[in-house]
Amino acid sequence: MAAIACDHPEALAYARQLRDAVARFIREAAQGALPLLSPPPQPAGTARGAGHMHLHAEVFLQMAGQTRFTFPHGQLTLTPGQVLVVPPKLLHDEWVSGHEAQAFCNLVISADSQRMSCHLAHEVRPGVPASLYLETCQHPDAMRIEGWLRDAATPPPDDTAGLWPVQQRALLLSALTGVARLLDTPQKTVSAEPPVLSKLRMLIQNRMGETDLTVAALAHDLGCTADYLSHLYSSLTGEHLWQVILQQRLARAARLLTEGDAAIKEVAWCSGFASASYFIRCFKQRFGVTPKAYRQQAAGRTVLP
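Residue numbers (our numbering): 47 to 351.
Note that these hints are calculated values from the structure, not bench results.
Worth double-checking, as some hints may not be accurate.
Derived Cβ-Cβ restraints for the label pairs, each shown as a range [claimed, not checked]: (1) 283 with 88: 31 to 41 Å; (2) 205 with 77: 17 to 27 Å; (3) 301 with 327: 15 to 25 Å; (4) 205 with 324: 36 to 46 Å; (5) 62 with 204: 36 to 46 Å; (6) 311 with 332: 14 to 24 Å; (7) 292 with 145: 34 to 44 Å; (8) 311 with 58: 45 to 55 Å; (9) 190 with 285: 25 to 35 Å; (10) 263 with 81: 27 to 37 Å; (11) 144 with 311: 37 to 47 Å; (12) 285 with 101: 17 to 27 Å; (13) 145 with 81: 13 to 23 Å.
Quick reminder that beta carbons are idealized off the backbone N, C-alpha and C, glycines included.
Build the full structure now, drawing on both the sequences and the hints.
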């Protein structure tokens, strides 16, 4: 079911704006007129730097203003009407800008095996984007959208026929039409979750790989105190915020260990741990084995004593 942040008139206007934007980009993709960009080529391996990464692909649809993306090996600027698909696990940072006649606004879509997420972003302070309005939908079709976006972010190694742009646009069109269907599913519930909690979840996902991510830093970004944020989260969920962040970091690490061959210290860094030794200690406490043994078990190899 789709979850709408709230039902006051402003939120309903944002919901309409979000759907109109998806419909417009679908029309342009269907007509073959959608300017679709890809990040500069990135060497294999994990690169460190400013920004964040996700375990699934993201698509950025620029509605107004500009977004300048910085990658470990290059930059690009997204202008109104253009679309960028960011591959999974690619580190990136964003700087946004607008002007008096046209403030910055974009639409960001992602999906995993269970949930599709769309949010409108605005410029919360100079250069810094933040979620303005968020909708999520838990549905089996989210897995299909995840696959289309992942494939749209992964060009073939050899495209001598020059067909990749057509294929990429078709994959994105499939993903966007899937998103439009989920947004308009007839069963809807109004979320009882305060908007600050929805923004918190997004902040955690965006900053998961940052070693300086703390409850205090999250509270600063949300304009409240750390004590207030911790109490609010505990009262609404029955969980401790810092423990939840740690568990999500470990879950990310477990997935990275099974989906690639990055060194343990790189997995630790990508998951937000400041040191490999602390990561190994936390991981063993959570899963009962070291990260190395976990990777070997996942690959079906015998773990030697």
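To see whether the hints hold, each was checked on the structure:
1. The hinted window of 31 to 41 Å between residue 283 and residue 88 holds, with their beta carbons roughly 37 Å apart.
2. Separation of residue 205 from residue 77 is about 22 Å and conforms to the stated range, judged on CB atoms against 17 to 27 Å.
3. The hint said 15 to 25 Å for the Cβ distance between residue 301 and residue 327, and at roughly 19 Å that hint holds.
4. Checked against the given bound of 36 to 46 Å, the beta carbons of residue 205 and residue 324, roughly 43 Å apart, stay inside it.
5. Judged by the Cβ atoms, the range 36 to 46 Å given for residue 62 and residue 204 holds: they are separated by roughly 43 Å.
6. Between residue 311 and residue 332 the beta carbons are some 18 Å apart, a value that agrees with the proposed interval 14 to 24 Å.
7. The given range of 34 to 44 Å is respected by residue 292 and residue 145, whose C-beta atoms sit roughly 41 Å from each other.
8. Our hint of 45 to 55 Å for residue 311 and residue 58 holds, since their Cβ atoms are close to 48 Å apart.
9. For the pair residue 190 and residue 285, the supplied restraint of 25 to 35 Å holds, since their beta-carbon distance comes to about 31 Å.
10. Between residue 263 and residue 81 the CB atoms are about 36 Å apart, so this pair conforms to the stated range of 27 to 37 Å.
11. Evaluation of the 37 to 47 Å hint for residue 144 and residue 311 yields a pass: the beta carbon distance comes to about 40 Å.
12. Judged by the Cβ atoms, the range 17 to 27 Å given for residue 285 and residue 101 holds: they are separated by roughly 22 Å.
13. For residue 145 and residue 81, the hinted distance range of 13 to 23 Å is satisfied, since their beta carbons lie about 21 Å from each other.
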